[in-house]
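Could you build all of it, start to finish, from the sequences and the hints given here?
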Amino acid sequence: MSRPLLEVDHLVMNYKTEKGDVSAVEDVTFTLHSGESLGLVGESGCGKTSIAMSLLRLVAENAVFKSGEIRLEGTNLLALSEEEMRQRRWNDISMVFQGAMNAWNPVYRVGDQIREAMDLHFRPRLSTAESNDRIDRLFNLVGLNPAMADRYPHEFSGGMRQRAIIAMALSCDPKLIIADEPTTALDVIVQDQILQELKKIQAELGMSIIYISHDIAVIAEVTDTIGVMYAGKLVEIGPTSEVFARPRHPYTFLLLSSTPSVTGPRRKLAPLEGEPPNLLDPPPACRFHPRCPWATDRCRTEEPKAEDIGGGHLVACWNWQEVPEIGAMIK
Amino acid sequence: MSQPLVKVDQLTKLFPVSRGMFRKPIDFIHAVDGISFEIAPGESLGLVGESGCGKSTTGRMLVRLADATSGQILLGDADGSDDLVDVAHIDGSDMGKFRRRVQMIFQDPYESMNPRRTVFETIAEPLSVQNIGTLQEREERVSAMLKLVGLSPPETFLFRYPHELSGGQRQRVAIARALVLDPSFVVADEPTSMLDVSIRISIMDLMLKLADEFNVSYLYITHDLAVARYMCDRIAVMYLGKIVEIGDTEEILGNPLHPYTRALLSAVPVPDPSFKKPDVQILGGITKAINPPARCRFIERCPFSQAICEVEDHPPLEDKGGDHYVACHLVEKTA
Amino acid sequence: MTDLIERPELPEGTADEVAQKAARGASLWRIRWTLFRRSARSNWKLFRANRVGLAGLVIIAIWGLAAILPTIFFATGYWTNTVYNPVTGLERNPPTITVTLVAEKTDPLREIDLRDMLLDQRIPDDLQIGETFDRPLQPAPPSLRHWLGTDPLGRDITSQLMHGARAAFGLGAIAATVTVVIATIVGSISAYFGGALDSLFMRLADLLIMIPALAVLIVLGAIIRFELWHLALVIGLLGGFGGTAIVLKSQALAVKVKPFIDAARVAGGGHAHIIFSHLVPNVMPLSFLYMMFTVTAAIQSEATLSFLGLLNVKTSWGLMINLANTEGYLLQGGTYWWLVFPAGLAVTLLAAAFFLVGRAMDEVINPRLRRR
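Residue numbers (this note's numbering), protein chains in the order written: chain A, 1 to 331; chain B, 1 to 335; chain C, 1 to 372.
Any given hint could be a false lead.
Interface residues of chain B toward chain C, partial, derived using beta-carbon atoms under 10 angstroms [what the hints assert, rightly or not]:
| no. | residue |
| --- | --- |
| 1 | M113 |
| 2 | T122 |
| 3 | S128 |
Residues of chain B clear of chain C, computed beta-carbon distances all greater than 12 angstroms [claimed, not checked]:
| no. | residue |
| --- | --- |
| 4 | K7 |
| 5 | I290 |
| 6 | G322 |
| 7 | L330 |
The calculated lysine-lysine pairs, modelled on DSS-like cross-linking and capped at a C-alpha distance of 27 angstroms, are [as the list claims (entries may be wrong)]:
| no. | chain 1 | residue 1 | chain 2 | residue 2 |
| --- | --- | --- | --- | --- |
| 8 | B | K320 | B | K7 |
| 9 | B | K147 | B | K209 |
| 10 | B | K276 | A | K199 |
| 11 | C | K258 | B | K288 |
| 12 | A | K16 | C | K45 |
Rather than coming from a laboratory, the hints here were simulated on the basis of the structure.
Where is the CB? At the ideal position from N, CA and C, for every residue including glycine.
Below is the structure:
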């Protein structure tokens, strides 16, 4: 495992609004190696979608990158011109968007829309035969009948449209795919099928995936590494099995303790009090301290630094040792 | 055994699809097709299924937002004493009384409140529309409800507008409004699916606590089996307008008998990476129940179907013991 | 879900103010008033940010002032009724101008020809070509006494302009109110009940759109003696049952499918309650918007009709131009500009002002149009 594929290095991003600056991404650092799958989990406003959009530089007009770098195979994406970035989009990184089912233009055939993506990025351009061949292979890969490529989006069901979006994301052989809530709007059986499909594709193509979801159970199923985000900060990151078995950040612990499940004990023990903070004016130092049962004075004054607690598991909390084993009662 | 609070009998809802000559409907979607179930006082029943299964339509029929095509909805008393009354086709002043006994909590916390009305006006609406109490009394009652749902001190919330509340707070207001008339039965249509994960539990706990305190029964509609397990004593699994399995929650989730329930359960993601999920055994994709033939509704997707499933009518719910009913020809009765 | 910009704000300050009022046992109406002021303040801030809308508002304010000024001027004696009354005033001492009788008139101001001799009885019959004659200058160009001059009948233009503003506002207000009340109710009822009632209203609206309103007004004006408020009513009815109803109906439809309507029904609300307590208040912002556009249309229709002489009104901007036309001063190029331009500009300005205000209001009502 040589140089990592993606390095996000102390990224800071704000949105400028009438009411002030919204601190959306605050000092986030993580790396991703080739073939690895990373999950970013958090609630609304935690910054996970902002990070996803930053990786593709598809952020809103009022977004400002204050500091930090995003390095794809060593190149800082934030320093590139728009043209250079455009070349990297879809060729190197592509995305499956949230609500992707509605990303299809209803008046064009699905195959034509995928062909459009390929025409924009392949140099030299593929011939019609080559692109048709490619589309057939992509459809097979995602479990769709290649004949459907000549149909219109409204002739696809929700799950099929999602698969087609994945096909489009794969169309230019990217090294990294970002899947932002790829199955949120789907029924649970279809969701399972899509997730299994994605795992299979990832294994077959040796691709890296970043999954973004608010559903921690989905992340548990499909990722090797998990990063937990809260109010714009990455509070915990590590191997998925490790973080689930021994969550060390209070937020992760409480999140896991407040997620209902069809297995294990029926009624959970630790609801999270309060609401996520307003990012126009976030709490000082540790952003979680107003809701944290283990908060001390230090948490209110000193920003916790990411601490390596072994095995690739990092936590940003002063009191991580106070966090009990999962399943225990809290006071 | 006292009487149930709610008893639904062969409830059916058909939607016309295409119309022939003279605009007479030919095809019908069988959104809800002859379902029957009971809810005891103080009990919560979860209605679970994927989109298009008919659970939302069922909920809407139970609060009379939609009219049943056929079947009965029988409503009893909270202490199970009075006779059951069929409310499926009442109107007029009876409807007013009905509305005081059956209420609803909606899915979207923001859209279920009029954006131009304050919290007070929203919660007081059932009272003012039914002409209950003076203005002063209503204000007192609304303040009491706000305290009950955890929005304290009430004065700071009474005159806020929906856009000045967070998602969790809005849903608490929705709960307050549903309970302000002191109903005995509340239909909750996915009340937590649009809320942040960390807030869902506190809302569900609130609903459970209030159910205990005020002896309210819930019909809890959701697509999320994990949520249904948390909230509900009993669970009913719907597929294409039919109930395929119903019974005690832990019994059904621990020992699912219907192939659809098994598939659903296997598909639910589990927040435990070490958990090995069984394979989801199901065929094909989504189907719609348009003019369905009489045979088992699940046959096209069932990996285990046999000749009997094609020939016989859709199986009725059969008692398998231990509060567990399944509608499947191929399931043996447990010894 | 992760739209950071749209997070709800919790204005602790003003909410507490209201809470205190409530705690002190203030009546519901007092609280409603406080809440109204609060939302009015925030809406005004949004409106203020739009320069074009502000410009429109300023223009309306100026004309509003102009409508009030005559009363002040008459009351303080600055204007005497005999001279400055827009209908019956007459400049007793008009300036005179020396005109020369010529065969072919080239300078309409300083020359007269035989035709003028026939028409104007003040010119002595025995005037010879080449001879001069002093005649009253009427219409007179602007002077200190008459800021915008006088019209062919010797009446003060400024006074007419200011009085015309009253007619314009009055007409606009009545027409707009009638339109909006009808259109809102029709739209809401159509949306709510659907079916035959909806078809009836919508086909009626289609009919009214097809008919060219101005032509109808002209025909009607020729048959009936149109008073100003008749006109307002007719414009109101045509608009209310017409296009505006369709627009407001689609807004009502968008509101009708929202869950809070279901919630109101589950709470026990009947048809009337849902229509008037829920549908109409949520359609009203759009209604107000269309009020502005109606005023624009009303002012323009009035100007057109009185220009064509079909309106039985004592003084209005259209009438001013009408007089200029019938007395033959309209096509004289720029010579008698004070007869035409002030009135024309007034119509344009006021109509446009209402339109601009409407557009600015659109930004207030529709959050998506706002700049961040």
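Taking the hints in turn, this is what the structure says about them:
no., hint, result
1, M113, "holds, 5 angstroms"
2, T122, "holds, 8 angstroms"
3, S128, "holds, 9 angstroms"
4, K7, "holds, 20 angstroms"
5, I290, "holds, 24 angstroms"
6, G322, "holds, 36 angstroms"
7, L330, "holds, 40 angstroms"
8, B:K320 with B:K7, "holds, 21 angstroms"
9, B:K147 with B:K209, "holds, 13 angstroms"
10, B:K276 with A:K199, "holds, 15 angstroms"
11, C:K258 with B:K288, "holds, 25 angstroms"
12, A:K16 with C:K45, "holds, 19 angstroms"
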